[in-house]
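Chains A and B are the protein sequences, given in the same order. The first sequence begins at 6 in the numbering used here and counts up by one. The second sequence begins at 27 in the numbering used here and counts up by one.
Take these hints with a grain of salt, some might be off.
What the hints assert, rightly or not - From the structure, some residues in chain A lie toward chain B, with a derived Cβ separation under 8 Å:
1. I54
2. K63
3. D190
4. R346
In short, the hints are calculated from the structure, not lab data. Ideal Cβ positions, reconstructed from N, Cα and C, are used throughout, including at glycine.
Okay, here's what each chain looks like letter by letter:
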Amino acid sequence: MSEVIKEFGAVSAEEMSINMGPQHPSTHGVLRLKIQTDGEIISKIEPVIGYLHRCFEKHCENLTYEQIIPFTDRCDYIAAMHMNHAYVLGVEKLMEIEIPERVEYIRVIVGELQRIASHLLALGTFGLDLGAITPFTWMFRDRERILDLFESLCGARLLYNYIWVGGISHDLPKDFIKRTKEFVDYFEPQIDEYNGLLTENKIFIERTADVGVIPPEVAINFGLTGPQLRGSGVNWDLRKNEPYSVYDKFDFDVAVGDGRMGTVGDCWDRYYVKVIEMWESIKILRQALANIPDGDVKEGIPKKIRPAAGEVYSRFESARGEVGYYIMSNGKPKPFRVKMRSPAFCNLSIISEIGEGWMISDVVAILGSLDIVLGEIDR
Amino acid sequence: MKFKEIIKLLEIRCPGGSAPIEEREAVLVQPDKWLEIAQILKDDPDLTLDSLMCLSGYDKGDGENLGVAYNFHSMSKLHKLEIRIEVSIENPIIPSISQIWKTADWHEREAYDMIGIQFDGHPNLQRMLLPDDWVGHPLRKDYETPESYHDLTIPKDKTYWE
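Starting from the given sequences, assemble the full structure and let the hints guide the process.
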């Protein structure tokens with residue numbers, strides 16, 4: 006033994022470089038993580054993105070304002086309604102047009118349904134990453150019902166092109182409100198089932214509590230938004246703090262992480278905030294479905310979309326956080342410059358800060374809790 | 027804080043570094059004073075603009091200037107501010123603020139990638155979305171799509187575009 010030490014010197018672990026992705030089931034798309042590890046412990050982690058880059062912003066400069074809407078669908082294909090709404094909100098702000106109240110209510114209803122659908126996918130795949138397969142199938146079963154509702158609404162299940170500048174493409178079908186009410190009544194008790202199955206699961210808590218803690222000031226500095234920011238205990242929701250559409254008419258609470266299972270800002274908090282948000286979305290849905298006014302949904306659609314010269318920055322709370330559109334117009338039918346501030350882009354950037362010192366299996370948990378969609382990061 | 031008060035405060039703390047763009051409610055900042063002003067925006071107790079919402083690079087389209095628009099927001103004071111910096115296209119250098127707001131790190135890389143603005147002092151100014159060996163900056167108004175990339179011919183069929 007002593008001869009071996011003489012020969013090789015003291016035992017030292019050599020650093021190893023590992024590529025996680027671009028084709029890896031737990032990176033939720035084509036994301037590549039360059040990881041330096043010392044044994045199983047990560048010493049450096051660097052995300053490489055751009056594999057899904059589709060020149061969204063370049064396309065925007067060659068398309069008219071209304072032609073851009075289908076492209077926004079493809080940015081965040083998990084929450085396409087939110088992407089439509091976020092972009093349309095920017096153009097409407099630029100043009101200063103009034104929206105009929107029925108349209109705003111319908112936008113809120115589809116937006117909250119979409120939020121539930123998106124969170125179901127996020128939570129389900131998060132469990133799947135950590136080895137829990139049943140919750141995933143249960144959540145997809147319920148997400149399917151929301152997609153069926155959207156299908157009856159506009160014919161599409163994933164990429165809707167539903168929300169237009171000044172209005173929406175189709176009015177609600179005859180029994181949509183009744184079916185949505187039935188869905189809401191069916192879905193609310195389901196959340197308790199998920200909690201029993203996954204949220205309070207001992208193994209799940211062991212894997213996520215106290216892992217990947219993001220302190221609130223770090224979260225703000227890195228530009229985290231949405232459930233990822235609220236998981237760190239920051240009470241910030243654009244629906245509440247800067248209400249757009251008709252969100253100021255509804256009574257709901259902002260879900261904030263409280264460190265129930267470990268520290269504030271750990272993976273479990275980021276997970277549980279999304280669970281609470283589904284309850285809050287149901288609250289909003291019930292109020293919106295009960296109070297939706299009558300009216301013509303197409304009367305607000307302008308004949309010609311040609312905003313005056315100027316620029317605008319609009320913010321929208323999507324399922325992943327703040328979607329911002331910085332739109333510059335020079336008075337022509339095509340925008341001069343469109344910049345999309347993608348929430349998952351900012352959310353992912355924090356992984357090199359908090360990923361260090363954890364094991365590779367924990368990075369899977371951190372990545373899952375950040376809830377990224379690569380279509381939106383790469384644009 | 028109202029926009030006018032912010033302008034006044036900036037004029038007192040850093041004279042000559044900024045000028046308001048009145049009709050836009052934005053402030054145009056000189057590139058050489060930017061780091062100093064950025065620190066004031068972050069640290070001044072009346073401003074505390076702790077959140078950088080968005081950083082958008084743009085080409086002004088006149089063949090002379092490139093610009094960056096920064097949209098700031100204060101989580102505690104609830105006010106917003108837009109900062110503009112414009113530099114000449116021959117020498118597009120802007121100091122990096124990625125050490126002050128970490129959000130700027132990736133956004134500056136993206137602006138470098140797309141517009142070709144050099145962010146002085148950025149720790150890792152590489153292309154973000156495009157491949158490392160890509161030539162040119164696509165969001166410049168005078169950008170021309172290359173004929174080919176690694177022996178792949180890029181089709182120029184515009185049938186469905188125009």
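Given I54(A) was flagged as interface, is its beta-carbon under 8 Å from a beta-carbon of chain B?
Holds. Min distance 7 Å.
Using Cβ atoms only, decide whether D190(A) comes closer than 8 Å to chain B, and label the hint accordingly.
Interface hint status for D190(A): violated (37 Å vs cutoff 8 Å).
With 8 Å as the cut and Cβ atoms as the points, is R346(A) at the interface with chain B?
Since the shortest Cβ distance to chain B is 4 Å, the answer is holds.
Less than 8 Å between beta-carbons is the criterion; does K63(A) satisfy it with respect to chain B?
5 Å, holds
Taken one by one, the earlier hints fail for this structure only at number 3.
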